[in-house]
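Position chain Y against the provided structure of chain D, taking the given hints into account.
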Amino acid sequence: MNKKAQLGHGITWLWKFMILVLVVGCVVAIVASHYSKPYDIRYSEAETLSKKLIECIAPNGILTQQVTSDMVKNCFLINDKEMFLNLTIDNKQAIDTIGLLSLSSLCEAKKQGTKMKYYPACLDSSYIVLKQSKMEFSTVKISIAINKVEKNI
Amino acid sequence: MIIKLKNKKAQVGESLSDIVGLIAIVFLLIIFYIFSNAFFSFSEKDIKNMPEKQALHNQEHVSLDAFLQKQIIITKGTESQTITMAELIKLSKINLEYKTILDDEANKAFGAVYDFEILSQKEAEQEAVKMGWQIDFTQPVLIVTPEPRIVNISFFYLPSNEIIFVKLEAKK
Chain D
81 MNKKAQLGHG ITWLWKFMIL VLVVGCVVAI VASHYSKPYD IRYSEAETLS KKLIECIAPN
141 GILTQQVTSD MVKNCFLIND KEMFLNLTID NKQAIDTIGL LSLSSLCEAK KQGTKMKYYP
201 ACLDSSYIVL KQSKMEFSTV KISIAINKVE KNI
Chain Y
46 MIIKLKNKKA QVGESLSDIV GLIAIVFLLI IFYIFSNAFF SFSEKDIKNM PEKQALHNQE
106 HVSLDAFLQK QIIITKGTES QTITMAELIK LSKINLEYKT ILDDEANKAF GAVYDFEILS
166 QKEAEQEAVK MGWQIDFTQP VLIVTPEPRI VNISFFYLPS NEIIFVKLEA KK
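Listed in order, the protein sequences are those of chains D and Y. Just so we're aligned, residue 81 is where the first sequence starts under the numbering used here, counting upward by one. Just so we're aligned, residue 46 is where the second sequence starts under the numbering used here, counting upward by one.
Next comes chain D alone, as it looks inside the complex (with noise of 0.2 Å):
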């Protein structure tokens, strides 16, 4: 082979070398790009959490005669600098809230259309229980915000 074939060879060989670079490059970039997002599970996280208390505090729909904190907090693991629970029982507060109180004000911020780069993820649920007499029903409402920015946005 004389050296201009040589020399066109290996430019002819680079050239393809590069195109194949360049389309598996692009394809990493495309997956990556996507893979690599954070999916926001807060949401998740509040309803699971809802789901839980009720099942705690209302076991098979009827309510525990004595609603505390501590049993509360028992339901499963709070962490008091990430989220905000807010129990009421018939319109009445049935124990201290848990956790910031700051997340409660920017939740309702948010539902007044205050737009924020990092809000929390806020959840109010309403359940209708039975007293333990089983003769009438009581309405729990719990709501639940969570923080967890850094993690999901």
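None of these hints come from the bench; they were simulated from the model. Mixed in with the good hints, there may be bad ones.
As the list claims (entries may be wrong) - Mimicking PhoX-like on lysine-lysine, the simulated pairs with C-alpha atoms at most 25 Å apart in a straight line are:
#1 D:Lys221 with Y:Lys216
#2 D:Lys214 with Y:Lys144
#3 Y:Lys144 with D:Lys211
#4 Y:Lys135 with D:Lys132
#5 Y:Lys98 with D:Lys132
#6 D:Lys96 with Y:Lys53
#7 Y:Lys216 with D:Lys131
#8 D:Lys211 with Y:Lys135
Bear in mind that the values here come from a model prediction, so they are computed numbers and not experimental data.
Same frame as chain D, but now just chain Y:
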């Protein structure tokens, strides 16, 4: 290996076709990127909305379960008897007097928030076929719809002489 040198025109043609091929590949990658972005942003939105609907579904489940267990004193003449709402529903199927009591109770419990409905056997069967339910007809069972994000309704089956389905749906 021996490579024959082609003339310059042929070489230019070959290079041109390579460049066109490269442009086509880049163009396709951009199109794929735009499409994949559009697709993924949709599913992300879907994931965000799912817990909200699931939470509503949980509320319906718990509330309906509690309602069916509620006890009520029924007085007929001089006799009075304590029965559950589930039993009252069964009675309401055969006696319209009980239907009025049931409607009052359901209205008191769910009035402002939920629509309470007892399905006819035909409606229940249609729902069962539509949803693909596998039901054990020997005990009361809360039917968990497989896709709560699509159908946000709670159903409860009560065993009796006939199939009774109770439906609870959040008011829109």
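Here is what the structure says about each hint:
no.	hint	result
1	D:Lys221 with Y:Lys216	holds (18 Å)
2	D:Lys214 with Y:Lys144	holds (20 Å)
3	Y:Lys144 with D:Lys211	holds (24 Å)
4	Y:Lys135 with D:Lys132	violated (31 Å)
5	Y:Lys98 with D:Lys132	holds (16 Å)
6	D:Lys96 with Y:Lys53	holds (20 Å)
7	Y:Lys216 with D:Lys131	holds (21 Å)
8	D:Lys211 with Y:Lys135	holds (23 Å)
Hint violations for this structure: number 4 only, all remaining hints satisfied.
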